[in-house]
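These protein sequences, in sequence, are chains W and R. Take the first sequence: its position 394, counted from the start at 1, is 394 in UniProt numbering, and no numbers get skipped. Take the second sequence: its position 72, counted from the start at 1, is 72 in UniProt numbering, and no numbers get skipped.
Think of the hints as simulated: they come from the structure by calculation, not from any bench. Every clue listed holds true.
Per label pair, the in silico range of CB-to-CB distance:
| id | chain 1 | residue 1 | chain 2 | residue 2 | range |
| --- | --- | --- | --- | --- | --- |
| 1 | W | Thr209 | R | Asp108 | 35 to 43 Å |
| 2 | W | Met424 | R | Phe20 | 33 to 41 Å |
| 3 | W | Leu292 | R | Ala68 | 53 to 61 Å |
| 4 | R | Leu77 | W | Val372 | 50 to 58 Å |
| 5 | W | Ala427 | R | Thr11 | 52 to 60 Å |
| 6 | R | Ala17 | W | Val417 | 34 to 42 Å |
| 7 | W | His271 | R | Ala74 | 35 to 43 Å |
| 8 | W | Val417 | R | Arg99 | 44 to 52 Å |
All C-beta atoms, glycine included, are put in the ideal place defined by N, C-alpha and C.
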Amino acid sequence: MNVLVPLPFVLPLLGAALAMASRRRKAWLRILAPLVGAGVVAAAVALLAAVARDGIIAVQIGGWAAPFGITLVVDRLSALLLVVSATVLLAIMLHAVAEGAGGLERRSEPGVFHPAYLALTAGVSLVFLAGDLFNLFVAFEVMLASSYVLMTLTPTAERVRAGMTYTVVSLTSSIMFLTALGLTYAAAGTVNLADLSARVPELPAATRTALGLLFLVVFGIKGAIAPMHLWLPDSYPVALTKVTAVFAALLTKAAVYALIRVETLVFPREHGSWVMLVLAAATMLLGTLGALTHDDIHRVFSFTLVGHIGYMLFGLALFNVAGLTGAILYLVHHIVVQATLFLVSDLMQAHTGETSLRRLGGLARLSAFIAVLFFIPAMSVSGVPPSSGFVAKLALFQAGLGSGRPMAYAVTGVAVVASLLTLMAMARIWTLGFWRPRPEDAGEPPATESYTRGGVRAMQAVTAFMVVGGLLIAVLAGPLASWSHRAAADLVDRSAYRHAVLDGRSP
Amino acid sequence: MTGPALVLVVTVAVLFATGFDLLMQRSLIRVVVGFMLLGHGANLVLLLAGGAAGAPPLLGGGSARTMADPLPQAMALTAIVITFGVTAFLLAMAYRSRRLLGEDEVQDDVEDRRICAEHHRDEPWDVPPEERDPLEQDEPEGDGA
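Looking at chain R on its own, in the form it has when it is part of the complex (with noise of 0.2 Å):
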């Protein structure tokens, strides 16, 4: 038993750490896929947890004590249908992304840049900065590091 579940676990723990790796890059593309991987990874935790391998468990197919614990693999099953459902929603979100901002990244929070724009300008809160519209005054392309 311990062969299968040694290569699951080495599994999990790269699966983990390429996800969580994915997940923190700036490109949409990268954290839609490293969802994936983390989504993948979870459900081999479960199926892990169900200790291990055995007959399918079916009423009348031997005896309980060879059987698989079913009750992970019915977890495992719901968790990837809604890892799924989910990652398409992110992949049309990402879409969605990119028409409007034209661009794969992930955008910075505006109303961060515009305290720490104001804080560097060493003016009070209250005083009306310019007109222009926070969201116009960033050029894309400046604010990638």
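So here's chain W without its partners, still in its complex pose (with noise of 0.2 Å):
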């Protein structure tokens, strides 16, 4: 079992070479790619059984000793989000290859992508994959390296403006990361983070909670937590859409996971985080309003997005086993639907080639069928029963109402009107964009690229694969609830993690 461990890294990297090498042959990587993306998510599935089987699977790389060499680590938690996000990135994956037959290849550099993404993918596998701070930082460096280049891909002059703020922003926290571990390694002595989850404790309380908050800004800005989310709606909706809902789906998300990995293992709080409270509430607000000021779809589904990860950042901030099983369910459901809205605005793009909702219109007339792409994701995203959204969120708030205390019940209430909100702004896209007529004043309607209706209808498949995949969330609510309370039971109690990486069980 432990050859797996390091495959849904190794296979993407060794691929990314692969295709760096023989990027002129499109054909080819039309291939290569899917196959990857597929041998990815096989590993993770394998993986996944085998944590099921036998419980958290610990791995060290060339047989040095725990707290010494490297690390990998696969637990419930990691095992879900690597099958989760490796599901993801194979569909976004697809999407792009029937884009690229469908006639839109020359718009991106020739063979960039494809390299640059299986990097992406091998970056977001290690960060779930990682068992000590350092290689947490490298495999957010591969990510975010990955990232720059996607995000500049076809360089128009905003997507170059933009491009800066998003790397700047991204190259800053990074500093601050290794200056955060520089500073644990000072004063604990070991990056590892099943042994520092048994010295930190041991550490003056005040150091404890200077490094516990750095470490949270450090994610907080990796994963958009207000006041740190500035960059991503200025930065995402401006790279090509396919790019954007693999950022959306899970730049933030990884983030956030580090931030669950980090907080529960190495400084946990038994009653909890006001800290995170105050900011998971400012988050949810800020996000959901912000989504109702823009006018563009992608500006308003990245607003929804930094709302919503403050659903995830509520349920780390109860330090309960009921808190962050509504965290873990809220990773899982939103990766899943924000990718799927990214790739059905990029198929309104195609039909339309707007994105700004003052000069869409007639959506449902023009395509019934995208209509419905639509529909479903966003009453999973705003919560409406009986959707994926509404049983993550169902978890979120029996979580805070059963914790006894009163900011906790506050932050429920807030995460309410947030989800209130949401809900109008999709309905707000839903109005102007397929509703009503097409506005008579919105001028000429841009010339779309000229896709093949074979690769609209790829596309048109895929995003249902997705929007299916959303539905099965909610329909295997009941077996991933309890998945997740035991991984959630697992991140609380620590000693499995803690026994299974330093107590022997090594190859």
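Work from the hints to combine the two standalone chains into their complex.
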């Protein structure tokens, strides 16, 4: 089983190298990249099965003993997220391949997309697998370095402007990560997460608080937690839509995962964290209110993304099993649904060439199929029952109300309001984009890219697959919730993780 | 041990202060230099985290007690490689930005400017503004402040 553990990031790295070497042969790239993606999905599913059977798996790379070497760990949380992220990455890759085959390939630089995308896949997988802080840093760098390239694919002036902001903000947070890492090593003498979880509680309370807050800022910037979210709605909407879909689905979620992992394992707080509760409430409100003011669909989606990061932070802030269960469910739901929304908006663009609500209209008449594809994830992200968003929100609300703390009650109230605001934002897109006739003064529609019929069909099929995936989360809510519950229990308990990493069972 | 360590701590402080100051400037090249300074500062923090200087950490090179801690050195080495690569990318992007935008300045977000302008005009959001693209509405020199 141990051989399987590094596969989710070794495979795409090899694939990226191969793709880089043969980047002129586009037909070959269109086969290679999805194949590698499918391989990652297979490895992730196998890991999930292995974790279900044997519990937490830890691998010491090169046989170096735990606190000194590189450790990879798969527990229930990381196995679940690996499967979900690999599936979403594969779906978006298929969407991109369909788009390329459908006549859009010339838009992107020849052969840069596939290698960069595979490297991004490797980075995302490594984030979920990393068992020490330094590898977490390296994983983020692999992921972000590829994202800088993807962000500025087909560099228009607007994209370079936004890409510069995005890159500089990400790098600043990376430097702070590195600094926090150095300070942690100076204080505790280790960067291995399992080892840290034993040593950090012995540190003075002030040092612990300072380090915990520093990591909150680091992952808060990467994960777009208010008030450190301002870079996201500025930069994400500008990239190619398929790229924005990956970013929105996975980059911020990887940061949220890292925050959950580090804060629960190394800086557990028995009574929750009021700082995080306040930040969660602010993130929910600022994000969803921002979504209501904007005109460009991508910006609306980006703002709802920010708002919904607040829900995951809310679950973490409670620091109990119920809250973390909700946060994990929300992560899974949101990865799928956010990617779907952006894929749908890519379809809308393929049909109309527009993303501005001011000029959009009549899409329901133009294509009822796209209207359905938009409606389902839009309801899901707003948390309307019986969608996956409802399940995840219900778990969070129950956790908030069950925690018995007045502050958590207040934040639960804010979360309900933010859900309604999301519903309003989605309803606005529905009314203006789909339901009303196209405004007459909107002027001539811009020339749409010449897609072939087959290409559009394939893109629709991939999006439909994602919509069905989102529905599956709601259908499978029972098993998923019990799995998340056990993952959350492992996060709170910590002894199983420590035992697996530090007390042998190495290959 | 306190001597060199104290010098390093002060160096880190200066690097971070100047780095963050430069990062917040509008000129892209200053931003890049600021990032480089921050990178050096962070690497020094890693080195400092290793504790006092000692013998080279090689197997058979003396007793373990006198050796320097090799782990932070390995981490700093990796971090140097990463910051090096990313700096190259940043420079390329600053160059591209200058080619495309004709100036070496961080630009404002177009949508933000549009919302701001509409707010001042006191119009509801869904009234179509003039047909011109918002990108072309602003003269580049008018928004520096």
